[in-house]
Each structure stands twice: as C-alpha cells, then as structure tokens.
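Peer 1: What the sequence shown shows, in the working numbering, is residues 257 to 644, in sequence order.
Fair warning: there could be bad hints in the mix.
[What the hints assert, rightly or not] Simulated crosslink set (BS3-like; lysine-lysine; CA at most 25 angstroms straight-line):
(1) LYS583 <-> LYS569
(2) LYS574 <-> LYS612
(3) LYS397 <-> LYS321
(4) LYS447 <-> LYS321
(5) LYS583 <-> LYS330
Calculated directly from the structure, the hints in this document are not laboratory data.
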Amino acid sequence: MIKFIAQNKKFVAMVTLSTIAFILMLSAPQTVALVGQGATFPEPLIMEWIIHFQKEYNNITVIYKGTGSGAGVKAILSRTVDFAGSDAPMSPSEWKSANNRYGPILHIPETMGGIAIIFNIPGISSLNLTGEVLADIYLGKIEYWDHENISSLNPGLNLPHEKIYVVKRADSSGTTYVFTDYLSHVSEDWKNTIGTQRTFSFPDAIGDRGLSGYGNAGVSRIVQQTHFSIGYVEFAYAIKGNLTSAAIKNRAGKFIKPSLETISKAASYATQLPDPEECWYGVSIVNSPGEDTYPIASFTYILVYKYQEDPRKCAALKTWLRWIITKGQEYSESLLYPRLPQNIIELGLAAVEKIKTRTNVNTVSLLSITFCSFFTTYTRGGDYEHFN
C-alpha cells in the first residue's frame, strides 16, 4: 500500500510539474508578428513608429509595406494582412462586403497630412493656383503654363509658353482619392466628369502630356525629372524631395502653402465623425474653413478587423494601435506629419477597445481550470483517502 501511494505521489508530482511548465509556456511572452500593407502617404511615419515601438516591445514584430491604399483595402477584403493603411475610407460596397464576411472593419485615424501640388518650372519658385484652375489643368482644358487663368493669379510672374506635363498616380491610391475629393468639392466640371476616385484615367485632351508614377515617390521622381510638369504628393514627400509646392486658394480666399500648421488647422473642423464600426465613406476635411487653413488635407486610416481569431495576436495588435495613437504621435512632427488632435485620439482609443477575439474564453485560464479539476478529482479518490 505504501509503495502504491508513493508511486501515485510521484505520478501526481510529475504531472503537476508538466502541467505548470505547459501553462507557463503558453503564458510566457512569445514573438508575435503583425503584418500590414497599404497607403504610401503615411509610410515614412509608420516605418519610424516600427523602429521605436519594437524597442519597447521586442516580443512584437511589425511589418508594413507601402503598396497604395487600394492594395491595402484589397488585402483587408481577402484577409491577407492583420491591418491595412488607407488614406481613403472603404467604399460602401467594400465595407459591406468585408462586414458580411468578417464582421465590422474599424476605421482608426492614425495621422493626418496634406497633399502638396508640386511643380517644376525652371526659374520659378512660387506659384498661386485655385482649385478650379487645378481641375482644368487635369481635365486638359488648360494646356500651357502662360494660360490667362494661371497668369491672372500670378501678376508679375513671367510664366513660359510651355506645355504642362500632368502627373498622376499609376496605382490605386488614397492620395489620389484625397486629391480628387478636393477637386470634386471646388469644381463642378470635375465632380460631374471624374469625381472622387482612388484612380482615374487622363481625359483625351491630355494626350501625351499625361504621365503616371507608382506611389508618392514615383510621382515625386517624375516631377523632379520633367521640366514644366505638375503633380500631387503627400506633403512630407514634397519637403524631403526638395520639391516646390504651389499656394492653393482656400475657402477664405487666401493663397496658402502646405505646412504642419496650415494642414493641422483642417482637423479642428472634424467634430462630427462616425463610430469606428460604421462606414466612413464620405468623411472629408478638404476645403475646410479658416483663414489660414490649407485646403487639401486629410486623415489617413488604419483598417482593422474588430473580431480577431488569435488571442495573442489580438493583444499584440491592440498594444500596437494604442501606442501609435498616443506615444507614436510624439514622432509625427519631426517627419512632417501633424499630431492628431485630442478628440481624434480619444475616438481611436475607443475603437481599439472594441477589438476582441470571437470567444471571450482565455485559453490559458481554460487549461488551468481543466487541469485543476483533474487534480481535484484524482486526489479525492482511490488510495489517497486510505492514506489519510
């Protein structure tokens, strides 16, 4: 009997140690990889965030590839990423399709920025444009730089009689979405012919003057290399590429150049935003009021699934998102992105709290309960009763 009891004690001790080791293994920090892709608009900032975030959380690896907002939305629709970046909210049809398949897709503003209108006219370093003139240039109605509609905005400027080479994005792009959204707000002709799109084709009137580049970097490069060209890129790309930006006439009638201060003023008018679980299509801060507001500004978003399949990845994702919305904003201005205002930060944090696994049962807790039940059942039966 004593020998039997001793053997049982040894068995229980072995199982107990194995169980504890197993539970500790499950609960111990392990490297979790988060994969994202999408907008090139915030890509420089995201890459900076990753460097600093992983210094604090070395058990979370974040990978992001700037492929354009359209590619980011496609990746969310096919669930090949953990999160996506997009300057454009999902369209109603995209949002509905994703919701039907995966549950709500949350839109979380991560940063904001402006679209700079860059130009390359040798010998000219300043240029005033209105939204209507810009639309007419991209519609092919204005072909030469010395057209009277441009000259009248720039008295005393000796504009050349040279054809305007018009540059746009070749890929599906949130930057294009913001640019065309702005033109749709200020030009009826643009609104009725092309409208707000992630991608568009040049009108026939543009002909061989139309050039296309992939990503903000591609458009920047073409404008740098092409005399008498005009294009649109995210503000940070314009500054880092040492590109010349036009001043754009705002709603108050003032010509304003993009800067951290003039872009951030647009966010102060974003006071009524949807719930993160709702469709954000149509949310826009272009052409906002204000004396010194730059008119081509936008939020850029993280798109993320509300319902996660992996509890550990869910926790890592929420840690990453909380960090970029709060501490990550400390790195924004050094990379020429305005900080998010406090009301947008609070909205983002509330959205993060909505993210959860489909089941609320914690795997480690469940295992602990199961094994505890096993030990209780085992020790209350058999020869342990006789030993006492």
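Peer 1: Does each hint hold? Answer for all of them.
Peer 2: Hints, one by one, checked against the model:
1. LYS583 <-> LYS569: holds, 20 angstroms
2. LYS574 <-> LYS612: holds, 9 angstroms
3. LYS397 <-> LYS321: Not OK: LYS397 and LYS321 at ~37 angstroms, beyond 25 angstroms, violated.
4. LYS447 <-> LYS321: violated, 32 angstroms
5. LYS583 <-> LYS330: It is violated: about 29 angstroms lies between the C-alpha atoms, which goes past 25 angstroms.
Checked against the numbered hints listed earlier, the structure breaks hints 3, 4 and 5; every other hint is satisfied.
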